[in-house]
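**Q** Sequence:
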Amino acid sequence: MGVQREPREEEQAGNTGTPAGSGPAERYGTAPAAASGPRPGTFTPGGTAASGDPGPVGGPDAAGEQAGLDTGALPVVLECRDVSIRFGGLVALAGFNLTLRQGELVGLIGPNGAGKTTVFNLITGIYRPTAGEIRLFHRPIAGLKPHRITQLGVARTFQNIRLFGNMTVLDNVRTAFHSRTRTGVIPAILRTRGFHAEEQAVTRRALELLETLRLAHRAEELARNLPYGEQRRLEIARALATGPRILLLDEPAAGMNPSESRELRDLIEEVHRRFGLTTLLIEHHMDVVMSVCERVVVLDYGRTIAVGTPDEVRRNPAVIAAYLGEEAG
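According to UniProt numbering, numbering within the sequence shown proceeds without interruption in unit steps and concludes at 329.
FYI, nobody ran anything at the bench for these hints, they're computed from the structure. Don't take every hint at face value.
[To be verified] Listed next, with one range per pair, are the computed distances between beta-carbon atoms:
(1) Ala321 <-> Leu90: 46 to 54 Å
(2) His284 <-> Ile186: 18 to 26 Å
(3) Arg262 <-> Val185: 40 to 48 Å
(4) Pro258 <-> Gly308: 19 to 27 Å
(5) Thr175 <-> Gly325: 37 to 45 Å
Since we're looking at a predicted model, the values are computed, not measured. The beta carbon of each residue, even a glycine, is placed where N, CA and C say it ideally should be.
Start from the sequences, fold in the hints, and give me the full structure.
**A** Below you can see the structure in the form of structure tokens.
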């Protein structure tokens, strides 16, 4: 991935030895407003607040309001119906079906080359299906450009880290917020009052996200200088900045040691719960998938071979055979 593994930092966010009043929030003049912003869950995909504040991320039922509800009673937010895609003579995905309901955390697993990232590329508009239909909030999205699908409420991370290495951590997140801002080119050139107000709101929201992802103490460092695990967290922060209702995480624990993967597992749960997101997780660290996901879908050679709870999938003979290359039992 072109990133040197570095020893894990022991210092925690908020305990960096920075004098009171001299952190990033104070330097950017955003600290007083941080506690008075809108509550989580008021943002709608692609929208902005009337004040120019892009608002917090998450769907209308954010902040854990779905706790205790029957998942089957929740609205469907994403459907893949008999989706297939070919690359020449290669069938990368065949008859794939998936239904995600609001607030679910679902795992998508399978051996290397099973078609998992292909699913993400289809959902986000990078690929167009050869057959089948993908519906987002009951609307067909096949053929839409990736930026339009982002505006509709889908965000993703990638297997290979894709940060702006020569930009600061804060600016990486601020850049993602601009998919939701209103200010046009002319107000930006003229540096109008509205432009400055919106920029300050973006900075405040970006710092809040960095605080959530435990990266606030890194705000002014270049992204390329972060340890590997923190670069992964920054990718998640940047995805959240687009204001998603659906978050697609593509192997966020790849390359992490057991301690880092446990920390990331806890962070995924926290982000999912705090922002009320629907989350689809691709991961090869089975301990992460089996401990956080309510449901798991298993692919092998582009076909679904199992769907169920983590415990059901763990005992499924077809899954065991796919991973071990032999019949179970």
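**Q** Please write out, lowest number first, the hints stated earlier that are contradicted by the structure.
**A** 1, 2
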